Amino acid sequence: MTGSRTTRILGSTLLLGAVLLFFLAFVATEPDTRIDAASGDTIGQFDAVRLMYVHVPSAIVAYTAFFVTAVGSVMVLLRRSVWWDIVAGASAEIGTVAAALTLITGSIWAKPIWNTFWRWDDVRLMTTLVLFMLSLGYLAVRRLEGTAEGRAVRSAVVGLLLIVNVIVVNRSVEWWASETLHQQSTIADVEIEDLTLFTFMYSIFFGVALYVWMLIHRFRVGWLERQFERFGLDDALAARRAEADDHPTVDAAIDSSGGNS
Amino acid sequence: MTVLSLVDAVVLLGRFPALSGASLHVAAGESVLLQGPNGAGKSTLLRLCAGLLPLESGSAEVLGHNLVDDRQRVRPKVGFVGHRTMLYDDLTVAENLRFWGRLAKVDDALTDAAARRLRIDDRLQGVLVRQLSAGQRRRVALAVAAARQPQLWLLDEPHAGLDQAGRDIVDDVVRDATEAGACVLIASHELDRVRPIVQRQVTVAGGLVREEVADAA
Amino acid sequence: MLRDVGLIANKDLRAELRSRVALNQIVPFALLILVLFGFALDADSTTLATFTPGLYWVAIVLSALLAVHRSVELEAGDGASDALLLTGVTPVAVFLGKALALLAELWLLAFFLLGGVLVLYQPPVADLPLLIATILVAVIGIAAAGTLYGALISGQRARETVLPILLLPVLAPVVIGASRAFADAMATVATNGWAWLALLGAFGGSYLVIGSYSYGLVLEDFS
Chain X
16 MTGSRTTRIL GSTLLLGAVL LFFLAFVATE PDTRIDAASG DTIGQFDAVR LMYVHVPSAI
76 VAYTAFFVTA VGSVMVLLRR SVWWDIVAGA SAEIGTVAAA LTLITGSIWA KPIWNTFWRW
136 DDVRLMTTLV LFMLSLGYLA VRRLEGTAEG RAVRSAVVGL LLIVNVIVVN RSVEWWASET
196 LHQQSTIADV EIEDLTLFTF MYSIFFGVAL YVWMLIHRFR VGWLERQFER FGLDDALAAR
256 RAEADDHPTV DAAIDSSGGN S
Chain P
4 MTVLSLVDAV VLLGRFPALS GASLHVAAGE SVLLQGPNGA GKSTLLRLCA GLLPLESGSA
64 EVLGHNLVDD RQRVRPKVGF VGHRTMLYDD LTVAENLRFW GRLAKVDDAL TDAAARRLRI
124 DDRLQGVLVR QLSAGQRRRV ALAVAAARQP QLWLLDEPHA GLDQAGRDIV DDVVRDATEA
184 GACVLIASHE LDRVRPIVQR QVTVAGGLVR EEVADAA
Chain B
54 MLRDVGLIAN KDLRAELRSR VALNQIVPFA LLILVLFGFA LDADSTTLAT FTPGLYWVAI
114 VLSALLAVHR SVELEAGDGA SDALLLTGVT PVAVFLGKAL ALLAELWLLA FFLLGGVLVL
174 YQPPVADLPL LIATILVAVI GIAAAGTLYG ALISGQRARE TVLPILLLPV LAPVVIGASR
234 AFADAMATVA TNGWAWLALL GAFGGSYLVI GSYSYGLVLE DFS
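Residue numbers (the numbering used here), protein chains in the order written: chain X, 16 to 276; chain P, 4 to 220; chain B, 54 to 276.
The hints are simulated quantities; they were obtained by calculation from the structure and are not laboratory data. Because the structure is a prediction, the values reported are computed rather than measured. Yeah, the Cβ is synthetic: ideal placement off N, Cα and C, and Gly gets one too. Wrong hints could be hidden among the right ones.
Said to hold, decoys possible - Capping the alpha-carbon separation at 20 Å, the derived lysine to aspartate or glutamate pairs in EDC-like fashion look like this: (1) P:Lys80 <-> P:Asp11; (2) P:Lys80 <-> B:Asp95; (3) P:Lys80 <-> B:Asp97.
Claimed, not checked - Pair by pair, the computed Cβ-Cβ distance ranges are: (4) X:Met216 <-> B:Ala179: 45 to 53 Å; (5) X:Pro127 <-> B:Arg73: 54 to 62 Å; (6) P:Arg122 <-> B:Arg210: 24 to 32 Å; (7) B:Ala248 <-> X:Ala52: 36 to 44 Å; (8) X:Val97 <-> B:Arg56: 36 to 44 Å; (9) X:Val223 <-> B:Gly168: 51 to 59 Å; (10) B:Gly168 <-> X:Val179: 33 to 41 Å; (11) X:Leu93 <-> P:Arg178: 27 to 35 Å; (12) P:His86 <-> X:Gly247: 42 to 50 Å.
Take the sequences, apply the hints, and build the full model.
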């Protein structure tokens, strides 16, 4: 078990919080509609707006998670910190899932609103996509064979570059597309009902809290994995030393040909 | 003066303790034979002393450098020849010798002298390493190490796969080194061959080092 | 240190020249990609000319994967990475030397392939200096990033499969920037190609710096 009193309380609260989020997102809030001043038509995002309660928190969690990974990577490189290595890895795993969720919900939302699943000229879309692909590379590096220390350093180099790469991609796509379909400030622009705004803010808070909760658990699993690696060491050492007693008369036991260990 | 001193050295290869608390002290000018069964930890011990493996626990000092935090400084000072000859297949013998010599800041004249000492003649110099026999490769690898005039030689099965002439050359290299005051650690199964050229022998088994009674002839 | 860089670059190029892998496998592979694009796009000469910038750089990046792989394999054989550590050479020199050798190979490949697209796809050439400058600058980034990420996966059993997923997303900005610069030089899109060149230069420069710093960390791990 990786739970503790605090995380169980946090977990239970999050479960209740999820129920509340579902209620707010699907029942309590109205679809996004407003009257266009010029034509008098009813416009807006209608029910698709409800996807924003998942999409935006996922995006925020994804970028936060990889920021944490980058910080962890710096700490690994500076101090060879095992603690930060595990945090960086745990955070990246959650971040990858969050990035995927962001892309998926974004695509579903975009179909009715932009009339397309995918836009190549959108900066945030492209940046998140490349972030997702880079994160798959990072996770692949974490799974490479080798010593724990070596893996930590290698992942840290990749983890740090991941953020650098994301920034470069972001800049180059922005330059490339020089336009974005994302309204920079949907919230300020449009008159959003109080409850919708609250649900929106609440969903972000919920997403970040969920991230923290998962991070703690994933960290503990990672920590236990490390402990487990150390755990067998004493037994392995004893077994290894016992080998020495099996060969009391080494001279007799060896033939003079053949390779070595 | 102690050239090499290991105290309870533990080295992990993955999760396997290849060395499980090895202790060994070698004084200046001493040559030591490491004997022991396959998988005993002889190669790991040599690689540790070359500064190529991290120490898990215990302490280790080689040529005045602590292996825990100063491994980099040990490496250029040792003459390590392992199972792998560490040469580039697509370069000729001469190109390999020049490359490794110059990269290690060794004078070309010393490299040439080492090559002569190991009977690497002009014909062999022009051959691609991938076309060499195992014995010839070993000789080139020994020449690369010899050119650096190391204070500590770490030889892993130097005789394996060599013909009679090749074996004699290896013995010469070891004798030269000891005469010049260098230390030599040889891991070998060919006890009769190596005993005459070393002062001491130890047994490696189960990742530990045991001193043998001084019966080396 | 410059001498060491030269030694290592020279060694890599010499080995590459001997083995002829670049000539016999990587160049034909790159040409094959160009031909396949031709088949895939229905030999429509207008389409091919329009999309030459993108197709060209995709071909370069894919071929570069093979070249990076070769550069890594050179050190993986017979414990050469241990031997490099044993010489006491500074990792910065190893990184710069290997990157330099890779750069020379990729430059040659890129110019050869430029000839290929000019003949096969026949795009208009409006600004030849820009084309040449783009190749010179963009390939620096590919070589530097390739050398660093190549070292990260060296010695791994899964290296053939990990390298593409690691390196291709990293090279995305190079593909974007170099294609744009090419598009300007080939007058297919109105954009400021020289500005994109600056981005490519920044990318290459950063990777040279980052690689120099982190190569030692990565190399140490293979001891």
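Each hint tested on the structure:
For the hint linking P:Lys80 to P:Asp11, the alpha-carbon distance of about 23 Å lies beyond 20 Å, and the restraint is violated. A C-alpha spacing of about 63 Å is found between P:Lys80 and B:Asp95, which places the hinted pair above 20 Å, so the restraint is violated. For the suggested pair P:Lys80 and B:Asp97, the alpha carbons sit about 64 Å apart, so the restraint of at most 20 Å is broken. A hinted range of 45 to 53 Å for the beta carbons of X:Met216 and B:Ala179 is consistent with their spacing of about 52 Å.
Taking 54 to 62 Å as the suggested C-beta distance range, the pair X:Pro127 and B:Arg73 conforms, at roughly 57 Å. Distance hint for P:Arg122 and B:Arg210: a CB-CB separation of about 38 Å, inconsistent with the stated range 24 to 32 Å. Checking the proposed 36 to 44 Å range against B:Ala248 and X:Ala52 shows it holds: the Cβ atoms sit about 39 Å from each other. Between X:Val97 and B:Arg56 the Cβ separation comes to about 39 Å, which falls inside the hinted range of 36 to 44 Å.
A hinted range of 51 to 59 Å holds for the C-beta pair X:Val223 and B:Gly168, which are about 54 Å apart. Hint check: B:Gly168 to X:Val179, Cβ distance near 34 Å, so the stated range 33 to 41 Å holds. Taken as a hint, the range 27 to 35 Å is violated for the pair X:Leu93 and P:Arg178, whose Cβ atoms sit roughly 49 Å apart. At roughly 28 Å, the beta carbons of P:His86 and X:Gly247 sit outside the given window of 42 to 50 Å.
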